[in-house]
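*Asks:* Single-letter residue listing:
2 protein chains.
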Amino acid sequence: MAEVRNKQVVLKNYVVGFPKESDMDIVEGTITLKIPEGSSDVLLKNLYLSCDPYMRFLMAKNTNVGFGNYTLNSPLAGNGVSQVVESGHPDYKEGDLVWGFTNWEEYSLLSSAQIRFKIEHTDVPLSYYTGILGMPGMTAYAGFFELGSPIKGEKVFVSAASGAVGQLVGQFAKLNGCYVVGSAGSKEKVDLLKNKLGFDEAFNYKEEPDLNAALKRYFPEGIDIYFENVGGKTLDAVLPNMRLHGRIPVCGMISQYNLTQPEGVTNLAHLIFKRIKMEGFIVTDFYHLYPKFLEFVVPLIREGKVVYVEDIVEGLENGPAAMVGLFTGRNVGKQVISVVCE
Amino acid sequence: MAEVRNKQVVLKNYVVGFPKESDMDIVEGTITLKIPEGSSDVLLKNLYLSCDPYMRFLMAKNTNVGFGNYTLNSPLAGNGVSQVVESGHPDYKEGDLVWGFTNWEEYSLLSSAQIRFKIEHTDVPLSYYTGILGMPGMTAYAGFFELGSPIKGEKVFVSAASGAVGQLVGQFAKLNGCYVVGSAGSKEKVDLLKNKLGFDEAFNYKEEPDLNAALKRYFPEGIDIYFENVGGKTLDAVLPNMRLHGRIPVCGMISQYNLTQPEGVTNLAHLIFKRIKMEGFIVTDFYHLYPKFLEFVVPLIREGKVVYVEDIVEGLENGPAAMVGLFTGRNVGKQVISVVCE
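These protein sequences, in sequence, are chains L and A. Under UniProt numbering, the first residue of the first sequence carries the number 1, and numbering increases by one thereafter. Under UniProt numbering, the first residue of the second sequence carries the number 1, and numbering increases by one thereafter.
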């Protein structure tokens with residue numbers, strides 16, 4: 001029945017342009033560790049919170065993209081791994097580990113509908129349920145296999161390749177017998193792609209004055225699948241380098257999210273010449289595949305055939321910087337916030 | 001065995017920017033109306049020639065889009081309706097009516113592989129085999145039904161809606177129980193769409209200072225299928241107005257073909273938010289459906305349930321102006337050249 005501290009990361013200002021740390025605030029509230037009488041809610045202790053690019057849209061006042069947005073002076077929210085402290089719902093009990101949509105705070109009292117899945121496999125790092133075993137993992141799986149329809153031997157290009165999703169797309173492509181090249185924004189990330197994540201090639205897009213020439217160098221015969229994470233100039237350079245009947249699963253366009261005027265893409269007529277399918281998707285349409293995905297990926301993790309690079313910061317007070325860093329490329333691998341300091 | 005006049009439309013200069021009449025020339029050659037001994041070629045008398053936007057690419061020196069190009073001082077080539085004068089190939093005989101890829105001249109000696117189909121139904125205007133019963137008809141059918149996957153009651157937007165393909169997409173959409181709105185570039189075309197072609201609504205895009213507002217007016221609940229013929233600003237205005245799981249079959253982007261620097265499309269992130277599938281296609285991938293298409297469309301023509309608006313100019317000497325007019329919107333309906341003056 002104790003009232004305890006409940007630290008939160010709240011939205012202070014609606015974001016315009018690039019998010020700044022000062023758009024968020026750390027506040028210390030309190031919470032009673034008890035579910036109200038008769039409630040079917042769940043009380044969660046949040047363990048890991050996920051920093052994801054789509055959250056930028058929820059930080060704006062008017063997104064015009066069909067999402068809701070965060071409320072000023074209320075905590076941010078997103079995917080996270082939590083432990084059930086008390087449950088008013090029969091599906092959950094104290095001690096259960098779950099992942100789903102939770103708030104950026106130490107404890108959250110939420111509707112159980114916010115929980116996406118109960119965590120069954122605990123021989124892997126729990127933080128993985130914000131990444132490889134969570135939303136980004138499912139995103140990579142659905143986007144690459146369901147929309148990309150890869151065939152052994154095909155040529156795959158991944159942008160933001162060391163990110164939460166990209167690093168998995170590359171590894172899934174290699175497991176599928178494809179040739180895969182990734183782009184990223186630093187030498188460190190390029191080294192990671194080539195030496196740890198098993199990409200055939202990787203390049204630093206910031207050091208390529210001519211992206212078209214870079215793509216021609218790595219794909220002299222063209223690209224079959226472009227896994228789109230960034231949009232803008234990269235997409236424009238990719239389009240003329242696509243092969244006949246190429247596929248472009250559109251997962252994100254992170255380079256464009258903070259621009260008041262997005263960059264114009266001029267080479268779309270190549271969609272016709274090359275009969276390209278370009279398809280946007282959102283992972284929530286694919287969670288029915290999650291059990292199948294776990295069957296596929298958990299053994300790969302256990303056998304070391306797929307690795308996952310995380311960038312974990314400790315403490316909610318480092319949340320705002322972690323969020324901002326997503327858009328400057330500061331993170332190396334999946335950006336996670338560990339709520340409970342280790 | 002007589003040698004006869006063979007008037008031709010030849011390419012005089014590789015086209016840069018908008019094509020001009022002076023990029024083409026009318027020349028009078030001669031041809032012997034006899035197939036060389038032992039040849040399996042066919043000698044065709046060309047009746048109708050089709051003016052199509054894709055031909056613009058073949059008029060450029062270096063298209064970089066994987067098509068070939070026309071040879072200077074040789075005739076243009078494209079789809080046409082012809083009659084066999086003499087055949088060295090057992091599949092064809094004198095008098096057969098055929099359609100396929102032929103030259104812009106009075107008589108053509110060609111490989112029989114250039115013929116796409118023998119014409120079986122002659123109770124409809126022969127010129128229709130350059131339009132509703134030819135490449136544009138098959139394009140509308142494949143793009144709308146195969147890529148668009150229309151469902152009764154869905155909302156369909158067609159650009160270049162009175163053109164060779166657009167007018168059919170609109171009519172197919174109505175037959176399929178969809179709501180359909182078209183855009184075109186003159187009052188005359190808008191009237192045609194509403195009064196003759198059965199579109200629910202139509203507007204003149206040149207008189208809409210705000211295309212986004214125009215689309216919101218006609219599609220307050222958004223667009224399920226956008227049949228893309230024009231690209232550029234129109235596409236950019238359409239993207240935020242698409243509905244969830246919308247489809248954009250990309251047939252053409254005629255507004256962009258003559259620009260040295262195509263317009264930038266800035267709203268592609270909506271592909272993600274709305275889970276949109278945008279897919280380029282070329283009709284040659286769908287000719288296996290031609291017999292099925294004829295079974296569908298010939299009865300509709302006979303019963304008057306589908307109409308087709310043609311813009312027929314007489315004589316090869318009017319070919320260059322007809323070709324140029326495609327890109328200024330001069331034509332009303334499918335642009336055809338009648339080779340033999342009626």
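There may be inaccurate statements among the hints.
The list treats identical chains as one, so a pair stands whether inside a single copy or across any two.
Calculated lysine-lysine pairs in the DSS-like style (CA-CA distance at most 30 Å, straight line) [what the hints assert, rightly or not]:
| no. | residue 1 | residue 2 |
| --- | --- | --- |
| 1 | Lys61 | Lys216 |
| 2 | Lys216 | Lys194 |
| 3 | Lys292 | Lys233 |
| 4 | Lys174 | Lys45 |
| 5 | Lys233 | Lys61 |
| 6 | Lys233 | Lys305 |
| 7 | Lys7 | Lys292 |
Worth flagging that the hints you see were computed from the coordinates, not collected in a lab.
*Asks:* All hints are to be evaluated individually against the structure, with a verdict given for each.
*Replies:* Taking the hints in turn, this is what the structure says about them:
| no. | hint | result |
| --- | --- | --- |
| 1 | Lys61 / Lys216 | between (41 Å within a copy, 22 Å between copies) |
| 2 | Lys216 / Lys194 | within (19 Å within a copy, 48 Å between copies) |
| 3 | Lys292 / Lys233 | neither (35 Å within a copy, 42 Å between copies) |
| 4 | Lys174 / Lys45 | neither (38 Å within a copy, 56 Å between copies) |
| 5 | Lys233 / Lys61 | both (27 Å within a copy, 26 Å between copies) |
| 6 | Lys233 / Lys305 | neither (33 Å within a copy, 46 Å between copies) |
| 7 | Lys7 / Lys292 | neither (37 Å within a copy, 66 Å between copies) |
When the structure is compared with the earlier hints, violations turn up for hints 3, 4, 6, 7 and for no others.
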